[in-house]
Structure formats: structure tokens, C-alpha cells
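Asker: Residues per chain are reported as follows:
2 protein chains.
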Amino acid sequence: MKLNERGLLIVISGPSGVGKGTVRRALFEMKNHNLVYSVSVTTRPPRKDEVEGRDYYFVDKKTFEQDILEDKFLEHAEFVGNYYGTPKDKVEEALDRGKEVVLEIEVEGALQVREKMKDAVFIFLVPPSKKALYDRLNARGTENKELIDKRFQKAEKEFLLAYKYDYIVVNDDVNNAADRIMAIIRAEHARTQRTIHKYIKMLEE
Amino acid sequence: MKLNERGLLIVISGPSGVGKGTVRRALFEMKNHNLVYSVSVTTRPPRKDEVEGRDYYFVDKKTFEQDILEDKFLEHAEFVGNYYGTPKDKVEEALDRGKEVVLEIEVEGALQVREKMKDAVFIFLVPPSKKALYDRLNARGTENKELIDKRFQKAEKEFLLAYKYDYIVVNDDVNNAADRIMAIIRAEHARTQRTIHKYIKMLEE
Numbered sequence: 115m116k117l118n119e120r121g122l123l124i125v126i127s128g129p130s131g132v133g134k135g136t137v138r139r140a141l142f143e144m145k146n147h148n149l150v151y152s153v154s155v156t157t158r159p160p161r162k163d164e165v166e167g168r169d170y171y172f173v174d175k176k177t178f179e180q181d182i183l184e185d186k187f188l189e190h191a192e193f194v195g196n197y198y199g200t201p202k203d204k205v206e207e208a209l210d211r212g213k214e215v216v217l218e219i220e221v222e223g224a225l226q227v228r229e230k231m232k233d234a235v236f237i238f239l240v241p242p243s244k245k246a247l248y249d250r251l252n253a254r255g256t257e258n259k260e261l262i263d264k265r266f267q268k269a270e271k272e273f274l275l276a277y278k279y280d281y282i283v284v285n286d287d288v289n290n291a292a293d294r295i296m297a298i299i300r301a302e303h304a305r306t307q308r309t310i311h312k313y314i315k316m317l318e319e
Numbered sequence: 115m116k117l118n119e120r121g122l123l124i125v126i127s128g129p130s131g132v133g134k135g136t137v138r139r140a141l142f143e144m145k146n147h148n149l150v151y152s153v154s155v156t157t158r159p160p161r162k163d164e165v166e167g168r169d170y171y172f173v174d175k176k177t178f179e180q181d182i183l184e185d186k187f188l189e190h191a192e193f194v195g196n197y198y199g200t201p202k203d204k205v206e207e208a209l210d211r212g213k214e215v216v217l218e219i220e221v222e223g224a225l226q227v228r229e230k231m232k233d234a235v236f237i238f239l240v241p242p243s244k245k246a247l248y249d250r251l252n253a254r255g256t257e258n259k260e261l262i263d264k265r266f267q268k269a270e271k272e273f274l275l276a277y278k279y280d281y282i283v284v285n286d287d288v289n290n291a292a293d294r295i296m297a298i299i300r301a302e303h304a305r306t307q308r309t310i311h312k313y314i315k316m317l318e319e
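Each protein sequence line maps, in turn, to chains A and B.
Numbering of the first sequence is given in our numbering, commencing with residue 115 and proceeding in unit increments.
Numbering of the second sequence is given in our numbering, commencing with residue 115 and proceeding in unit increments.
Be careful, since some hints might not be right.
Copies of the same chain are indistinguishable here, so a pair counts whether it falls within one copy or spans any two.
The list that follows gives simulated cross-link-like pairs (lysine-lysine, PhoX-like), each with its CA atoms no further than 20 Å apart [said to hold, decoys possible]: (1) K259 with K271; (2) K244 with K204; (3) K278 with K268; (4) K312 with K278; (5) K244 with K312; (6) K244 with K315; (7) K202 with K315; (8) K315 with K271; (9) K278 with K176; (10) K271 with K312; (11) K315 with K278.
Derived by calculation from the structure, the hints in this document are not laboratory data.
Generate the whole structure from the sequences, applying the supplied hints.
Answerer: And the structure:
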């Protein structure tokens with residue numbers, strides 16, 4: 115019996131190259147989960163095969179900027195001239211349906227979410243060592259050395275923000291990391307601040 | 115990879131009749147755990163088959179009272195003229211060896227531990243309803259109605275102390291409850307306040 119029936123907002127973040135996407139996919143491949151992935155809003159034009167509402171919600175720039183003004187995003191950022199944002203209403207709706215909503219986002223975005231969703235669970239994914247991250251960035255093989263060094267320098271700054279998160283999970287092995295995140299989700303549902311209201315109601319019945 | 119290598123002190127508590135012992139046994143029967151049970155000190159004479167250091171540490175009353183004065187217990191209580199206590203040094207020693215030390219104790223004792231071990235994990239085990247607890251107390255069949263009613267009245271007061279715990283776990287099903295407690299243990303090892311020091315050291319290497 116789960117005292118807390120509302121879903122949790124799970125923010126998985128960490129420096130670029132740490133393997134957020136891989137861990138998130140491993141998490142979704144696990145059995146008996148109740149996870150949904152938050153679909154972002156973007157002003158970038160859809161690529162072929164991309165489906166509205168599955169890959170992104172596609173809007174024009176004017177709409178996006180109006181939505182920023184109306185505080186409709188949990189976080190948003192501009193990237194190569196396009197906006198990307200997490201729509202607050204869709205997230206709240208999924209949480210109300212009891213879904214665990216997973217946000218896999220950059221450190222900057224995660225800290226924006228922290229301001230707006232005090233109740234969310236913040237997980238900082240880290241590499242087993244700085245060297246491992248550097249090797250991983252190099253192993254991608256798609257970027258030149260200058261860009262890799264730039265990413266690594268950014269990561270070194272982001273490492274210092276770990277203290278802002280609720281949990282630090284080492285991505286030494288993708289399945290280990292996903293398992294631990296699943297344990298965190300189960301545990302968080304039992305945390306007293308989430309369960310005490312329902313528990314008091316239960317006692318009154 | 116586990117950033118926090120020290121064991122956790124896990125305090126499982128809750129009103130009398132909620133099934134603390136059953137859940138604790140189910141927990142210890144799970145695979146791949148690293149749990150140890152804290153052995154209490156008592157002034158009660160050993161029963162036959164009871165082994166020193168396995169069932170209890172048996173001491174005389176004078177020794178126990180001296181130990182109270184020297185703050186050697188995480189908690190202690192008197193019951194039917196005998197003392198019972200949790201020895202701090204043995205618990206610390208097991209935690210240092212990376213063991214998860216499980217204390218299965220009454221609410222009053224748990225609150226004493228809370229004062230002394232800020233870092234411990236406090237789990238409040240609750241019945242699915244007040245009626246379920248009352249039925250369970252009756253089902254024991256070993257006590258008279260007066261004693262059962264007294265226990266139930268005590269439980270009703272203890273229910274109000276749930277807010278002092280980190281987690282509330284419903285014992286609707288023993289294995290569910292044990293599973294959830296195991297998830298809590300895994301999750302707590304990743305909590306930022308336990309991992310950040312090791313994480314910073316790791317980054318410096």
C-alpha cells in the first residue's frame with residue numbers, strides 16, 4: 115500500500131557526458147514502473163519522423179515567449195537560436211494521474227526546476243572519476259578536441275553544484291545507476307512529508 | 115559504486131502489534147543484504163538456549179547503571195524490573211565495518227536514539243488501519259481484553275508521533291513492507307549529505 119498516490123517529479127541531471135540519456139533509457143526499460151517522460155516544448159521546426167506531443171510540442175517563437183511571461187515553464191533555455199522548455203501544466207497533470215515524471219536535463223535547467231518544484235526529487239548523476247568523464251567525452255568521437263575541452267571545463271564547474279541535489283548517484287554501471295534511482299523513487303514515496311497527510315486521514319477512517 | 119561506505123543505522127519502530135518483528139525477519143531473509151541485528155544488553159538472567167553476544171549481552175544491575183551514567187546506551191528502558199539497552203560502541207563498530215545495523219524497537223526507545231544518532235534512518239511502521247491493528251492485537255490470543263485495550267490505547271498515542279520519523283511504511287503485506295525498507299536503505303546511501311564528502315575526495319583524485 116502506497117500512502118502517497120501522487121506521482122513524483124524526478125529530475126535526473128549531471129554534467130554533459132555523464133550518461134544521463136543512457137541511464138534514463140535503462141530506467142524506462144525496467145519492469146513494473148510507472149514512469150513517464152516529460153515532453154518538451156520547442157520553437158525548433160520538427161524533423162521528419164518527429165511527432166507532435168511525442169517528441170516535442172512544437173510552437174512558434176511568439177507563443178513560447180508569451181508562455182515564459184505567463185510562467186508556464188518549469189525551466190527553459192535557448193540553444194542555437196531555438197527555445198526549449200518543460201511545460202508546467204503537462205507535468206502537473208501527469209503527477210496528478212499518479213505518474214512519476216522523469217526530467218532528464220542539464221544542470222542549469224535542473225536548478226530552475228528546484229526553485230519552482232520544492233517537492234521534486236533531484237538526482238545528480240556523476241562519473242566514477244573526472245578521468246572517466248574526459249574519456250567518455252572523447253569516446254563520442256564526434257567532436258573536436260577544443261569542443262571536448264570546453265565541455266569538460268563546464269563539467270568541472272557543474273561538479274561543484276552537487277550539494278544542491280538530494281541524491282548523488284555514480285554512473286559506474288548503467289544498470290546499477292538505474293536500479294539505485296528506482297530505489298530512490300520507491301523510498302521517496304514513503305518519506306514522512308509526503309505520507310503524513312494521507313496517514314492522518316487513514317487513521318480517522 | 116557506493117559513495118557512502120559506512121553502514122546505516124536503521125531504526126524500525128511503530129506501535130505494539132504492527133508487526134515490527136515479522137517485517138524485520140522478512141528483511142533479513144532477503145538476498146544480498148548487509149544487515150546485522152543489534153544485540154541488546156540486559157540485566158535479565160539468561161534463559162536456557164540463550165547465548166551471550168547472540169541473544170543478549172548479560173550484565174548485572176550495577177554494571178548497567180554505571181553504563182547509563184557513562185552514556186553508553188543509544189537507548190535503554192526498564193521492563194518488569196529488568197533493564198534493556200542498545201550498546202552504542204557495538205553499533206558504531208558495526209557501522210564502521212560497513213554493516214547496516216537494524217534496531218527494531220518501541221517508539222519511546224526510537225525517540226531516544228533520534229537524540230543521539232542524528233544520522234540514523236527512522237522508519238515508522240504502521241498498520242493499514244486502526245481496525246487492522248486492533249484485530250492483530252486480538253489475534254495473538256495470548257492476552258486478555260483489558261491488556262489488549264491498554265495496548266491499543268498506547269498505540270493510539272504513538273500514532274501521533276509519526277511526524278518524528280523520516281519514513282512511514284504501511285505494513286499491509288510483510289514482503290511489500292520489507293521491500294520498501296530495502297529500497298529506503300539503498301536510497302539513503304545515495305543521499306547527498308552522506309555522499310558529498312566522498313564525492314569531493316573522488317573529484318580531487
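Asker: Are the hints correct? Go through all of them and say.
Answerer: Hint-by-hint comparison with the structure:
Taking CA atoms no more than 20 Å apart as the test, K259 paired with K271 passes inside one copy only; the shortest distance there is 19 Å, against 65 Å between copies. In this assembly of identical chains, the alpha carbons of K244 and K204 never lie at most 20 Å apart, being 36 Å within a copy and 37 Å across copies at closest. For the identical chains of this complex, K278 and K268 are intra-copy neighbours only, at 17 Å inside a copy versus 41 Å across copies, given an alpha-carbon limit of 20 Å. When the C-alpha separation of K312 and K278 is checked against a cutoff of 20 Å, the pair qualifies only between copies, where the shortest distance is 16 Å, while the shortest distance within a copy is 28 Å.
Taking CA atoms no more than 20 Å apart as the test, K244 paired with K312 passes between copies only; the shortest distance there is 14 Å, against 44 Å inside one copy. For the homomeric pair K244 and K315, the shortest alpha-carbon distance between copies (11 Å) is at most 20 Å, but the shortest distance inside one copy (48 Å) is not. For the homomeric pair K202 and K315, neither the shortest alpha-carbon distance inside one copy (28 Å) nor that between copies (37 Å) is at most 20 Å. In this assembly of identical chains, the alpha carbons of K315 and K271 lie at most 20 Å apart only when taken from different copies (16 Å versus 46 Å within one copy).
Proximity of K278 and K176 under a CA criterion of 20 Å is satisfied in neither setting, with 33 Å inside one chain copy and 49 Å between copies. In this homomeric assembly, K271 and K312 come within 20 Å of each other (Cα to Cα) only across copies, at 18 Å, whereas the closest approach inside a single copy is 41 Å. Taking the closest pair of Cα atoms, K315 and K278 come within 20 Å of each other only across two copies (17 Å); inside a single copy the shortest separation is 33 Å, beyond that limit.
The structure fails to meet hints 2, 7 and 9 from the earlier list, while all remaining hints are met.
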